[in-house]
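Enquirer: Residues per chain, in single letters:
There are 2 protein chains.
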Amino acid sequence: MPTPVKVTVIGAGSAVFSLGLVKDLCLTENLAGSHVAFMDTDEGRLDMIHALAERYVKELGVKLTFEKTTVRQDALRDSDFVINTAGREYLHGEERRALHKKHGYYSGPNFGVNYLMNLPLIIEVAEDIERICPKAWLIQSGNPVFEGCTLITRQTGVKAIGLCHGHYGYFSIAKALGLDAQKVQWTAPGLNHLIWLTEFRYEGRDAYPLLDEWIATKAEAYWREREEHPKKYGLEDHMSRAVVDQYRRFGLLPVGDTTRGGGWWYKTDMETRLFWYGPTGGFSSDLHYGPWQEQRYRPIEQIRAVASDPSRSVLKAFPPQKTREQQVPIIDALTNDVAGRFQVNVPNQGALPGVADDVVTEIPALIDKGGIHRIQVNPLPRKIMLEVIQPHILSMEWKLHAFQTGDREMLVEGLLMLNAYHQAGPTTSYEQAKAYVDDLLSQPYEQEWASRYTDRKPSWAKVIERQRRKRP
Amino acid sequence: MPTPVKVTVIGAGSAVFSLGLVKDLCLTENLAGSHVAFMDTDEGRLDMIHALAERYVKELGVKLTFEKTTVRQDALRDSDFVINTAGREYLHGEERRALHKKHGYYSGPNFGVNYLMNLPLIIEVAEDIERICPKAWLIQSGNPVFEGCTLITRQTGVKAIGLCHGHYGYFSIAKALGLDAQKVQWTAPGLNHLIWLTEFRYEGRDAYPLLDEWIATKAEAYWREREEHPKKYGLEDHMSRAVVDQYRRFGLLPVGDTTRGGGWWYKTDMETRLFWYGPTGGFSSDLHYGPWQEQRYRPIEQIRAVASDPSRSVLKAFPPQKTREQQVPIIDALTNDVAGRFQVNVPNQGALPGVADDVVTEIPALIDKGGIHRIQVNPLPRKIMLEVIQPHILSMEWKLHAFQTGDREMLVEGLLMLNAYHQAGPTTSYEQAKAYVDDLLSQPYEQEWASRYTDRKPSWAKVIERQRRKRP
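Residue numbers (my numbering), protein chains in the order written: chain R, 1 to 472; chain Y, 1001 to 1472.
The set of hints was computed from the structure by calculation and includes no laboratory data. The model shown is predicted, which means the values in this text are computed figures rather than measured ones. Take the hints with a grain of salt, since some may be wrong.
[To be verified] Partial list, computed: chain Y residues near chain R (C-beta under 8 Å):
# : residue
1 : R1205
2 : T1268
3 : M1270
[Said to hold, decoys possible] Per the computed footprint, the stretches of chain R lying under chain Y, defined by three or more beta-carbons under 8 Å from a beta-carbon of chain Y, are:
# : region
4 : 38 to 52
5 : 276 to 288
6 : 390 to 403
[To be verified] Using 25 Å as the maximum straight-line C-alpha spacing, the simulated DMTMM-like pairs for lysine to aspartate or glutamate come out as follows:
#  : chain 1 : residue 1 : chain 2 : residue 2
7  : Y       : K1101     : R       : E431
8  : R       : K434      : Y       : D1245
9  : Y       : K1434     : R       : D245
10 : Y       : K1102     : R       : D245
11 : Y       : K1434     : R       : D455
12 : R       : K101      : Y       : E1225
Yeah, the Cβ is synthetic: ideal placement off N, Cα and C, and Gly gets one too.
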């Protein structure tokens, strides 16, 4: 017997995601009869995805119902699952990149202030859930998953799971090594965007020796091949020289978008980038950004074309195959006790050794109707903890404190002191960091979130009063 | 009834310190009849301080006996207290400064590799104590107190206390504010060299309002006066603009050599330094280093002059007054139950909230024959924890890991990623950090400690074996 649920999608205008969700729900009989509430502030996109979803279930003959609204609180009423995909990071992406460069930072996102724009919305959605549908699960599917989920789970009582795509990087690793991904067993814990392959087996045997052999005998040819025929390959290389160098340094292979990191010194200029990351120069380089945006928007254009032509078959355009997304299988597991192993972002609670309980880690978990059962993982090598995990936890705490107190100076200090962890290169003077923050926060398109950061100059007495807390 | 003890001084050639110790012992009747073993590898200095000490007790007519040796193990036999003042940081100080500058770092010590040269000796002394006189207290009085004491207390069972002078900075604060230091009650916890005035009372009343008033009405005149008459004042200003700016940022006043920090951007060039730190440009600037060295060596020359002339009265040259050092009062407290409050560096064990138990913090403690009784302190403001305490703990862990594994690449990575915490300015390229580390570690005078850091390139399999630890 199917168990219908109400699923609310915040930021439903993310058409590719929403269409995938509809497909997955259609193909999950356990959830037949479910109701999806699409919510977005962009009415045009909202109408489009709503109409498309209606056509999809009609053509496929399954029982799913839909509503649409621009009012978040309406969408949340009686919800069992809330998927928050909303984010503002792609709006004005070009302007932000230009601003980074103008102030002497590399083209990539500057982690010191990266994704700050999404924190207000993330916490507001969670607070609404706490008030309107407190029993609902929140599946946080927009960035920043790490900071956002840590904030949510500390500040509210909402049951939250963060999801991301990074761990699918193991497909690329398997492909490069010539392995059948279905026969790979893997574990890759860490923080979101920073996960490391602690277990890697192929047909039951340790596959690290296969990797070592590949590096010794085939890696050079692989890199040459990609340089010579860049168009044959995807935009991101999960087995680039930067990846292998990180493996050499740390003793474990970084997985998925972890490979984008490793140190700002891999990215000082295009020549350096081309060497370490291959012919696109790596994620968010000047050579990568355009094609990547195009790749992102191509399916959206396709969806738009089909949506605007009611005579076309939506099933033919978007065949009913399950996506690789985890949202619907997790909903099924929590609703119908269909146990599964997932890669989730939840408060650590002892799962990854050396990380505080209330910091959100990305770990494997068994999920069933009983909830989330963390699978404890082996410790990461101490060098990874010291050079990657702990610095990023510090950076997260720093960002959340600046967010919660509105301490604008702390954004500047973050650029000055945490620049090591940024993709965007080091800050070389106070004036540089200050001018960048001032310029960024004064952009008209940043006002919605930037206004919370003020350069308060409280009287000394008030500072003392506020900051000198007593031990209880 | 006095209780005689055996006190061993490692690095006894530090003549100013050793002479002070002799004076303090002479003036502590509880410890009459005690025996001091002077140990140093520099025989000339050793002979000098030994002869001087003999003359001192003879002239004063007190019962203290002395021995001297260049063999550490001999000096440790039957010791009750070991004071380790040894350190190599002042040897080749000029060469190191020149090396920093050659590679584009500012003149100050570069925290990424600073004091690494002393770690081998510090741990070797502790291991000798564990073997030869396991019941002895180790009073670690040489740098790096923070890293060294954390290493000792993690790796050995030795009872260790780290001591430093930084907290005496409250005298300078009191003086600037026109207060009688005797009537000041203060608490300043943190890490060694990074302590903050959490409690500050004058004649029983909160003295922060006096500080605020001083800043509002007198600070500018104070800074101008120092600029106009630099010779009238000491080399270090504990109420400089940098100090007041840190107070503004953090809400608490930094104490003692904490004031040297605050951010590398206070030190980018001499003009900037002069503004923030006054007419010497602050600790270890080009204007400060020479006079500071001179100030250090002047009393040593005086000691040498008196030592070389047996006809002179040592009592007249060095009148019998107690120093402000804590070593002898602590020995008295532990031996004769003369309870006192001290500023010590010991494993945190819950004293300062938010720091792990096995990290050495600088905190107040009551010491008596029962041992060290930590005085729990109020939490530091979260901004201080995030911007000062936690980054420095990370940096310490990083250094200890590199030290324990001999991972040379980690020194380079430290300069690249931890540069924010350095006094020496940011690293702007991989090549810069690599060349600096290579150059530093190849200096003949660094070989004793540098040889432990190797650029091992183990086979992949060995890396994996070593680094992929299993969860127990």
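Enquirer: Does R1205 of chain Y hold up as a contact with chain R if the rule is Cβ-Cβ below 8 Å?
Expert: 14 Å, violated
Enquirer: Please count how many residues of the region 390 to 403 of chain R have a CB within 8 Å of a CB from chain Y and say whether that reaches 3.
Expert: holds (count 6)
Enquirer: Does the region 276 to 288 of chain R contain three or more residues whose Cβ lies closer than 8 Å to a Cβ of chain Y?
Expert: violated (count 0)
Enquirer: Would you check chain Y against the region 38 to 52 of chain R, counting CB to CB pairs closer than 8 Å, and say if three or more residues qualify?
Expert: violated (count 0)
Enquirer: Are M1270 of chain Y and chain R close enough, Cβ to Cβ, to be under 8 Å, as the hint says?
Expert: Violated: closest Cβ of chain R sits about 15 Å from M1270 of chain Y, beyond 8 Å.
Enquirer: Need the status of pair K1102 of chain Y, D245 of chain R: alpha-carbon distance at most 25 Å?
Expert: This hinted pair is violated, its Cα atoms lying about 29 Å apart.
Enquirer: Hey, K434 of chain R versus D1245 of chain Y, does the alpha-carbon distance stay inside 25 Å?
Expert: 16 Å, holds
Enquirer: Holds or violated: the hint that T1268 of chain Y contacts chain R, with Cβ atoms closer than 8 Å.
Expert: Cβ of T1268 of chain Y sits 6 Å from chain R, so the hint holds.
Enquirer: Run the distance test for K1101 of chain Y versus E431 of chain R: straight-line Cα separation, threshold 25 Å.
Expert: Holds, at roughly 22 Å.
Enquirer: Verify the proposed pairing of K101 of chain R with E1225 of chain Y, using a straight-line Cα cut of 25 Å.
Expert: Violated. K101 of chain R to E1225 of chain Y sits at ~43 Å, over the 25 Å cutoff.
Enquirer: For the pair we were handed, K1434 of chain Y and D245 of chain R, check the Cα-Cα distance against 25 Å.
Expert: 16 Å, holds
Enquirer: Verify the proposed pairing of K1434 of chain Y with D455 of chain R, using a straight-line Cα cut of 25 Å.
Expert: Judged against 25 Å, a Cα distance of about 38 Å means the pair is violated.
In the structure shown, a violation is registered for the earlier hints numbered 1, 3, 4, 5, 10, 11 and 12, in ascending order.
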